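Letter by letter, the chains look like this.
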Amino acid sequence: MYQDQINIFISTVYGKSEATRQLATLKSYLLNRLFSNDQSMLTSLEPEQIRWMQSLGEDFYQGINQTNVYQILQAIEEHLAQLEPLIIYLPFVLPDAQLPNLGKYARNLFGPECLVEIKFDPDLIAGPALVWKGVYKDYSIKQKLADHHQEIMDSLKLKLN
Amino acid sequence: MPTLNLENIILLAILLLTTALYLWEHRKNQKLSKILELEPEAITKSTESQSYKIIHDAIRKAQAILGSAETESIKLVADSRTTSENLQKKYAEEIEKYKNQLQASLQEQVSVSQSEFNKFLDDLKSHSEQSQTLNQQVTEQRTREIFELFEQRLATFLTQTEQESISAVDLEIKAARQLIDTYKSQQLALIDENIIAVLERTLAIVLNKKLPLKDQMDLVFEALEKAKTEKFVI
Chain A
15 MYQDQINIFI STVYGKSEAT RQLATLKSYL LNRLFSNDQS MLTSLEPEQI
65 RWMQSLGEDF YQGINQTNVY QILQAIEEHL AQLEPLIIYL PFVLPDAQLP
115 NLGKYARNLF GPECLVEIKF DPDLIAGPAL VWKGVYKDYS IKQKLADHHQ
165 EIMDSLKLKL N
Chain B
143 MPTLNLENII LLAILLLTTA LYLWEHRKNQ KLSKILELEP EAITKSTESQ
193 SYKIIHDAIR KAQAILGSAE TESIKLVADS RTTSENLQKK YAEEIEKYKN
243 QLQASLQEQV SVSQSEFNKF LDDLKSHSEQ SQTLNQQVTE QRTREIFELF
293 EQRLATFLTQ TEQESISAVD LEIKAARQLI DTYKSQQLAL IDENIIAVLE
343 RTLAIVLNKK LPLKDQMDLV FEALEKAKTE KFVI
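Residue numbers (our numbering), protein chains in the order written: chain A, 15 to 175; chain B, 143 to 376.
These aren't lab readings, by the way, just hints derived from the structure by calculation. It should be emphasised that the depicted structure is a prediction, and the values quoted were computed from it without experimental measurement. Any given hint might turn out to be false.
[Said to hold, decoys possible] Chain A residues, not near chain B, derived (Cβ > 12 Å throughout):
1. Ile20
2. Ile24
3. Ser25
4. Ser31
5. Gln53
6. Ile64
7. Gly77
8. Thr81
9. Tyr84
10. Gln112
11. Val149
12. Lys156
[To be verified] If you anchor each label on the Cβ, the simulated ranges turn out as follows:
13. Arg65(A) x Val348(B): 19 to 29 Å
14. Gln80(A) x Ile347(B): 51 to 61 Å
15. Pro114(A) x Lys373(B): 23 to 33 Å
16. Lys171(A) x Val348(B): 23 to 33 Å
17. Lys373(B) x Leu59(A): 34 to 44 Å
18. Ser169(A) x Leu296(B): 52 to 62 Å
19. Leu123(A) x Lys326(B): 41 to 51 Å
20. Ser58(A) x Lys373(B): 37 to 47 Å
21. Leu59(A) x Val348(B): 23 to 33 Å
22. Lys373(B) x Leu45(A): 34 to 44 Å
23. Lys373(B) x Lys171(A): 30 to 40 Å
24. Ala160(A) x Ile347(B): 12 to 22 Å
Backbone N, C-alpha and C define an ideal beta-carbon position, used for all residues, glycine too.
In isolation and in its complexed conformation, chain B is listed as follows (with noise of 0.2 Å):
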């Protein structure tokens, strides 16, 4: 495919304008051969001759136009060499200046920034020993709070323990007291059942078997004698 240049852009432009030019007179002539209605032989002679006349002043035309354009754009071309090198030349003075102003901004900020930095990193150590100490201050508080704490509830244990423990043995010396008098109660109950009847068996074999006749008459005679005074017999 061919490329779309000047010069094919101009060549382009003189042949459409020859066809154009050659259609015009072309029906320039057909007109005026209706019109006058000549001879026609002659006519095309002259018609001939006049379009080759004409095509020739188109291509001498068309020549010239392409050799001024071929002029101007040689020219044109030198100078777009000179501007494109002038140009060149200044984007790089241009560039060279930039890249120095850029360079110099780039380390004024790099000076700023690291300034900036150092400055960052003396505030945060200094914050960091700031907040070091006082995190062991705080620490140092907490560790006290903490063991004041702990040894108010170690005593408070302790007291409690030993209140419980002492709770502990009274209950337990009360349940043993309750043990030892519900023993006795029984103890009690027991010999309050037996008791009379142990009495009753132990007096009923000494005295029976070993009380004297006349001792076992008076004791009659003596009941006989409350017998009576309680009219119990009459």
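Chain A extracted, bound-state conformation (with noise of 0.2 Å):
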């Protein structure tokens, strides 16, 4: 039910973080819509939001009415919360321009529906750090160093030598 609505938010949204948000930000404009028309509501937007709900398109919106709009946003919170996100600790700073690209490129390899979740760690070198249902994987170089242990040692052994 609503499985429209619910693809195009999500096709739209690459971290769950950022769907969260957008559902918010979403749920506020659509009420307003519907119920209040209140243009102040409209202004306070910031134009990334603005163009965010510009790009959901108008199959989104019209299906959306005064009846199904709460049981429209329910089944998109609900369906979000059934979404495992694939945590992702990151050594430096993701600017926010970035995130489309990494979750278009998770989506090309795990699936539409893939939501990630962008965490900073500064102990990571060089890589990321991947959490998939609770099981954490280094793939940084800290973690090639460590498989690579033995064999650094005895290279270093034999330069001693």
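Two chains, each in its own frame: build the complex with the hints.
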């Protein structure tokens, strides 16, 4: 039910936090549009938020009215709650503009409903660590160093001898 | 105290004899008086007369004996003197003779003893020379042996000392090598413990700050590809 709206919504967000935040924005917008039509609310939105709501397209808004708006929003919210995010720890602060690139790449690999959760970990070195369904795996150079610890030590010993 | 010479003895003998005769006569007269019981005065006179006669005879005999004894004694003295002189002369001769013999014997013995003593001295000298020669030989032999033994022991000692020195040096080298190995092991252990941390720290400083965003993103995409390949994320 309301799968079209869910799919459209999911296709425009890539991060779990972003999706929750955009859903709250959408909810405010739709409720205002359908029940109060307060123009001041529109002016308070960020340009990015407005651009995102426009990116949902007319097909998304056509089926939404006063009677089903809450159901649709609830359906999206429940669907979001069911999605397990892929947590990505990064050793650098990811610019907001790069999140769609990363999200698209992940969706190409893991499916159209893949959501990512970006976190910052300064202890990582040149590469991310991933958490999927509670399992942590380091894909940074730090883990590569640990994996090749013996080879590195053997090489050092050869040099020392 | 009177001396008991020959004359006194003779006089004493005469006196005893006279006394004995008197007593014998007196006893005889008593026995006769009892038997005859004659007239006491006549008997007494007769007895006295006889007694005096007897005494007189006794004195005469005693004087005769004494004279004879004196003569005999003089003679005896003269004989004894002669004999004594003869004996003295004989003794002197014998003594002289014995003295001469003794002297001759003594001289002979002295001569023999001197000869033996000289011989003994010669033997002693000879023995002494032999002993000296022998002692010298033994001393030389012993000295040679001592020197040989000393040389042998010195050589052994030097060899032993050399071996001990070599062993000590070997031990020192071994200990030094062991120390170096231990040090190396400790250093390697320290490196082992810290090298990765150092590398991590260095790479973190260099890469996280200096690596361009595009390269960082490429590394993330590469990690996602790997997670897909490993089926870590389904």
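Hint check:
no.: 1; hint: Ile20; verdict: 21 Å, holds
no.: 2; hint: Ile24; verdict: 17 Å, holds
no.: 3; hint: Ser25; verdict: 19 Å, holds
no.: 4; hint: Ser31; verdict: 18 Å, holds
no.: 5; hint: Gln53; verdict: 39 Å, holds
no.: 6; hint: Ile64; verdict: 27 Å, holds
no.: 7; hint: Gly77; verdict: 32 Å, holds
no.: 8; hint: Thr81; verdict: 39 Å, holds
no.: 9; hint: Tyr84; verdict: 34 Å, holds
no.: 10; hint: Gln112; verdict: 7 Å, violated
no.: 11; hint: Val149; verdict: 7 Å, violated
no.: 12; hint: Lys156; verdict: 6 Å, violated
no.: 13; hint: Arg65(A) x Val348(B): 19 to 29 Å; verdict: 38 Å, violated
no.: 14; hint: Gln80(A) x Ile347(B): 51 to 61 Å; verdict: 58 Å, holds
no.: 15; hint: Pro114(A) x Lys373(B): 23 to 33 Å; verdict: 26 Å, holds
no.: 16; hint: Lys171(A) x Val348(B): 23 to 33 Å; verdict: 24 Å, holds
no.: 17; hint: Lys373(B) x Leu59(A): 34 to 44 Å; verdict: 42 Å, holds
no.: 18; hint: Ser169(A) x Leu296(B): 52 to 62 Å; verdict: 57 Å, holds
no.: 19; hint: Leu123(A) x Lys326(B): 41 to 51 Å; verdict: 48 Å, holds
no.: 20; hint: Ser58(A) x Lys373(B): 37 to 47 Å; verdict: 46 Å, holds
no.: 21; hint: Leu59(A) x Val348(B): 23 to 33 Å; verdict: 42 Å, violated
no.: 22; hint: Lys373(B) x Leu45(A): 34 to 44 Å; verdict: 43 Å, holds
no.: 23; hint: Lys373(B) x Lys171(A): 30 to 40 Å; verdict: 36 Å, holds
no.: 24; hint: Ala160(A) x Ile347(B): 12 to 22 Å; verdict: 18 Å, holds
Hints 10, 11, 12, 13 and 21, counting from the list given before, are not met by this structure.
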